[in-house]
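Peer 1: Spelled out from the first residue to the last, the chains are:
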Amino acid sequence: MSPKTASGTVTLAKALNMGLRRAMERDPKVVLIGEDIGKLGGVFRVTDGLQKDFGDARVIDSPLAESGIIGAAVGLALRGYRPVCEIQFDGFVFPAYDQITTQVAKLHARSLGKVRMPMVIRIPFGGGIGAVEHHSESPESLFAHTAGLRVVACSNPVDGYWMIQQAIESDDPVVFFEPKRRYWDKAELDETPAADRRPLDRAAVVRPGTDLTLAALGPMVRTCLDAARAAQEEGRSLEVIDLRTVSPLDVDTVAASVERTGRLVVVHEAPVFFGLGAELAAQITDRCFYRLEAPVGRVGGFHTPYPPSRIEEVYLPDLDRVLDGVDRAFDH
Amino acid sequence: MRNVTTRTPARSRRAARGAADEQSAPPPGADGDGLELVQLLSTEGERIAHPDYPLEVSPEEARSLYRDLVLVRRVDTEGTALQRQGELGLWASLLGQEAAQVGSGRAMRPGDFAFPTYREHGVAWCRDVPPVNLLGMFRGVNNGGWDPAEKNFNLYTIVIGSQTLHAVGYAMGMQRDGSDDAVIAYFGDGASSQGDVNESFVFAASYNAPVVFYCQNNQWAISEPTERQSRVPLYRRASGFGFPGIRVDGNDVFACLAVTRAALERARTGNGPSLIEAYTYRMGAHTTSDDPTRYRGNDEVELWRARDPIERLRKYLVREGAADDAFFAEIDEEADRLAAEVRAACLALPDPDPLSMFDFAYAEPHHQVAAEREQLSAYLAGFGDEEADR
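Read top to bottom, the protein sequences are chains F and D.
Each step along the first sequence adds one to the number in the numbering used here, with nothing skipped, and position 303 is 311.
Each step along the second sequence adds one to the number in the numbering used here, with nothing skipped, and position 371 is 374.
FYI, nobody ran anything at the bench for these hints, they're computed from the structure.
Accuracy of the hints is not assured; some may be wrong.
Interface residues of chain F toward chain D, partial, derived using beta-carbon atoms under 8 Å [as the list claims (entries may be wrong)]:
#	residue
1	Gly83
2	Asp106
3	Arg118
4	Val123
5	Pro256
6	Gly270
7	Ser317
8	Ile319
Selected chain D positions facing chain F (Cβ under 10 Å, derived; list incomplete) [stated by the list, open to error]:
#	residue
9	Gly48
10	Ala52
11	Arg179
Virtual Cβ for every residue (Gly too), placed ideally from N, Cα, C.
Make a model of the complete structure from these sequences and hints.
Peer 2: Written out as structure tokens, the structure is:
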């Protein structure tokens, strides 16, 4: 298969598919398990064609039971495999929450380091696709609060391609969030391996700026880039950070940025209450207290159940809400 | 609701087979509910023939099983004593379940893999796991700490039923490796209600995984009787999932050995999973924190005491002339020596270094953990200076 599409660009879904394929080619111990990932190729087609090429022993259509998927993957990992689990939608991960938090996250510690859990748990997350209930949530904080799990979110095709491979190579379990409304975003993908590839536990400054830092996760990165372009027209220079990783949280990169800009607004779809923004606000206040020109701002979801789709655009941060958060930081 | 403290005494179905006397009635469930129960050794120590399980046991093998049972019980008793004396925070006693564990444990081959709950001290013994390894978590110096791959014995799992899915996944890995080994998933009657256990049945059936589900029905899930978990005998659950289920007298080490061997053989020859319900009894408390007198009567306990797994094998050995008083005395002495060793090893377990809590949070470096470790280290070092100043 050609590494690029005819247009030279790939979608995020395709980039993830290509990344999975590379990982499976490289290591015969990589197995995929999840619902509808075989013939169908996953409901978002991220595993399209992989069962055909690697067989049903390596691309395993599972019974419809999320705890079963993760629990069976624990056993596969104990046997020396590197399972990549697909949870079909964010809101369906909770039947597996027990296995993930009490078993997957803790087996390395429980065994005093003798057991490793090189497992990836892929979860399409976030809203904006007009879905029914339980199909639009952003539960990253619920996993970040459990030691033993790495929690990451890609935001674009290039990161999707590399990060999924890095996650599979990690000897720690990685909860890998994929922004489902960005699955069809396209980008140029160069598959040439680079020695200086950004590690999985580092954020990226994706747009430099001087006046304020926007730190965003997953689907909000594009929203923040749009906001930064709009702000530029108003004469404000916003730096945008793609956080990429929630656990560990790359506070160094954010703090270095805030030392330059003096202002920080954190943007994510998950509820603001007890969220990623709260943790960053605390840590940045701790490290950049005398550099901050304004309190750390947070723009995100509300402390409500995820609303019905006809009003989700009010719940989800968009360009205007991000700019409103930016205004508040400047007005302080 | 059935009154669990007034179980109907069972009639012997062995009378119908003309196998043995009426005195040694099999446990309730044998024919109390008209159901099959595999028994190869009566409570009076008589061998019972079974058409499907023609077990040949040499005198040496029988003595060896007796030794296992006695040593396992002695280590368990020491565990309870250590808890009572404040040396363990908790102990989960296997008292009464020795035959269910040793029988199944001795049915395994070295390449087979066991997924225990937190009470499988007898299985651990059969897998050559040093008893002191089991004490770490109960003493609070670690949460397990052993390498499952060393003896093919997974870490104890406290959350009820979780390990049955791990067992199936492991068995799926064996399938992919082309191995002819098999897995045993241990769980209890209470766990049979857990979603994970039911999901593990579905997965195992769907993939024809080489796994034996071994349910020790010890009649009580802390205070809740098996009737609270199931309207049907537990082994019958299997048929709904599409694989065979069988009930074995869990206090009969021969029966447990034979039935488990057959189930493992079935698994390793590609015939898929099966469920064994080892019908037994938890003679002691759920754990040392439990008070069973609040929920069950002594008459029931006494009924089961008469079915003691060790006593019946002892009677068999005497009846067969396979062991004499000197042998029994020797085993008792060995048991006491082992208990003393276990006690000494327990007391010698060092408390972990406080900073060790950070050591294995992750396999690879994690900056949050590194930063917190540094902070705590500096904080603790401050106390060290104070000590030095005094």
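Peer 1: All hints are to be evaluated individually against the structure, with a verdict given for each.
Peer 2: Comparing the hints with the structure gives:
1. This hint holds: F/Gly83 has a C-beta 2 Å from the nearest C-beta of chain D, less than the 8 Å allowed.
2. Look at F/Asp106: its Cβ gets to within about 7 Å of chain D, closer than 8 Å, so that hint holds up.
3. Checking F/Arg118 against chain D: minimum C-beta separation of about 4 Å stays under 8 Å; hint holds.
4. Among the interface hints, the one on F/Val123 holds; its C-beta lies about 6 Å from the nearest C-beta in chain D, closer than the 8 Å criterion.
5. Annotation: interface hint on F/Pro256 holds; nearest CB of chain D at approximately 5 Å, less than 8 Å.
6. At about 23 Å, the closest approach between the beta carbon of F/Gly270 and any beta carbon in chain D exceeds 8 Å, and the interface hint on this residue is violated.
7. Interface hint status for F/Ser317: violated, as the beta-carbon distance to the closest one in chain D is roughly 30 Å, over 8 Å.
8. A cut of 8 Å between beta carbons decides the hint on F/Ile319: the least distance to chain D is about 34 Å, and the hint is violated.
9. Given the 10 Å rule on beta carbons, the hint for D/Gly48 is violated: about 39 Å separates it from the nearest Cβ of chain F.
10. The restraint placing D/Ala52 at the interface with chain F is violated, with a minimum CB-CB distance near 38 Å, outside the 10 Å limit.
11. Residue-level restraint check for D/Arg179 holds (minimum Cβ-Cβ distance to chain F is 6 Å; threshold 10 Å).
Going through the hint list in order, the structure does not satisfy hints 6, 7, 8, 9 and 10.
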